[in-house]
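**Q** Which chain is which? The protein sequence lines are A and B, in order.
Note that the numbering used here has the first sequence beginning at 1, numbered continuously upward.
Note that the numbering used here has the second sequence beginning at 1, numbered continuously upward.
Hints may be right or wrong, so weigh each one.
[Claimed, not checked] One side of the interface only, derived from the structure: several residues of chain B facing chain A at Cβ under 10 Å: (1) K380; (2) T383; (3) L422; (4) E455; (5) E456.
Everything labelled a hint here was simulated from the structure, so no lab data went into it.
All of these numbers come straight from a predicted model, not from anything done at the bench.
Ideal Cβ placement from N, Cα and C applies to all residues, glycine included.
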Amino acid sequence: MDKDYIHIILADDDEDDRMLFTDAFEEMKINTKVNTFNDGVELMDYLNNPNAVLPNVLFLDLNMPKKNGIECLNEIKKDDRFNDIAIAIFSTSSSEEHIEETFVLGANIYIKKPSDFTTLKKVLSDVVTINWQYYTSGLNRDNFLLRL
Amino acid sequence: MKLSKIYKSAIFLKSIFVVSIFAIFFISAVTFKHISLLDNSSKWVNHSYDINLELERLMSYIKDAETGQRGFLITKDSTFLVPYIQSKNKINQSFAKVKKYTKDNPAQENNLRKLEFYISKRQNYLSLALHLSLKKSITDKEVKEKLVIGKQTMDSIRNQVDKMILFEKKTLKGRELYYKDTIKVTPIFVYITLLITLMLISISYIRITRDLEKLQISNNSLVVLNESNNLAEIVGSFGSWQLNVDTKEYTFSDNSYRLLGYEPKAFFASQENFMKYIHPDDLSAFRDASSKMIENGTMSPFTYRVIRKDKKVRYFRTTARIVTNKSGEEILIGTTSDVTEEVLASLSLEQQNIELEASNKELVAFNYVASHDLQEPLRKIQTFVSRLADKEYDNLSESGKEFMTRINNSVERMRILIDDLLQYSRTTKIEKVFESTDLNDLFENAKSDLLQSIEEKNAVIKNEKLPTMTVIPFQIQQLFANLIGNSLKYSKADIAPKIKISCKRVIAFEEELIPKKTKDKFYKITFTDNGIGFEQEYAEKIFILFNRLHNKNEYVGTGIGLAICKKIVENHKGFIFAEGKPNVGATFTIYLPEDNH
């Protein structure tokens, strides 16, 4: 994998969120490449292509049409090919059920979508610069939800 | 005391009966003996008289013979010889009689032998004298001599007869004496026995009368009991029945018939007749239940439908149990009650429950979805406003900047409202998973949730050690966070908030606040702060949803936080109370049951 930039994918059905997401990375001084998908089906079609460039970090919205975030997470975790992808749940909801379920399924971090652009930028920059190997080894239920 | 026990026992009457019978036998035996004695003694008297009479008669015959002989001797007239000859025969007859009478008495027999001797001697002399006088050869001197001897013999006879009569009299006297003795003692004895028997019979009579009275009384109360049972059956709309397991005979109470719309005893009591009224759909279930009942000897409450005489469908419930009576017969005793109202009520209640549950679920889902989906556009408004503020702030006029701030405030307030509403709906959601949890951990989590606010206000929070309990963990954490948050929110502007949390294990009936006066154990956790407090009259109102004591411009608050607290505590079957004093502070007391299940 080319180490010059961090490859980031976002799957979110909300156009505004996708726009804010890409805007945030544009404003950050981090060398990233951002791809977005409109729903779970599009995302999985892309990932299942053997020639696809796999992302370093995958941001996954939960509430999506056709195939929701939980289903995507399930499929990704079943395939060893995707073992190196860090998965960040990126959702409006911060309900205990969702946090619990995604943690159990093996997501790496849970982010509640911030309601402030500055915060959004900070959160995204924090997440993409985490040393995932180090972070994941110390992962537990308490630090799973990224506290803002 | 022992005596009265014997008196009351059932054996008492029986023993009296036996004793009385023996006494009566005894009396009859004695009386019989007595009568036969009397009979005997009169026989003996007659006997003695007979002997004496016969002896006198014998005497007179002898005299007759003598008189006749004398007359002949003097007159030589042969007519005088007739009584003489006759008397000879009579003497023999009379003597034979006496002999017969005295044959059982040796002393008299002896006497009689002597008499016989004298009599024959006398007769010899008589006939000798006669013979001599007939021959005319006899001298007067000879006759005189013979007469003297005859007289002497006659004296001897008289003597002997007197002796015999005297003997008889003596014997009679002796018998009389014995008889008198016997007759003197026996009546007293019989009399005493009779008295005792009478006394015993009297006692048993009293006893029987008393028993009869008791029987009457218990009979009366049985009648009353029966009547009240009938009345109870009518009022409680149930009927009782019995089945003799061996003879298969049924008995239905009057009200059993009434339940089916019939007059008492309107049809023959049998299972077949009763089954005619059972709803066709329930018939096979009823058959199963009743055959099982006879098999097991008991029937747990079984509900079925019947069609009454007036064609109305009613619900009946039957239950039965086997009992063995004193005669060893197995009898199945059962009651059948009309439970139509109960069944209908429970059916409608069930229906209502289902509807209520559905609408409750719907409401929770609606609440959750609404708050959740409302967050989405709101978050975007906030994000875009923040972008606007970042990028375009300098291009805005003063009033434009003012509007931006106000938009921000309103949106922020709405976000808090939605957050709280979301939390409230989550606390009412049906799934509640109880886990054994260390409340200290939950408390620390709650504090870290509020870390920013705690630091901003320089709040000091001191807590005693909390227990480990079976709770819904995230709810209790929420409860702690809400209570601490509440204290932080309503703190005095110029004084750093101090929050003290204490914990104690208590027993329900010792706590004034707990309405249930039981021995259940509770943990009492109190949150005391030094905030603005409140008037005690609002102590209950503050737990009601959307109820606020302050203007929203003074203090940020949605009126949901404490409602959530109440909900959570209720989910744990606990109690929450508030106590306030304006400008001094507030105390929130939570009681959580030690054992939730």
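**Q** Checking each numbered hint in turn, tell me which of them this model violates, lowest number first.
**A** Hints 4, 5 contradicted; others consistent.
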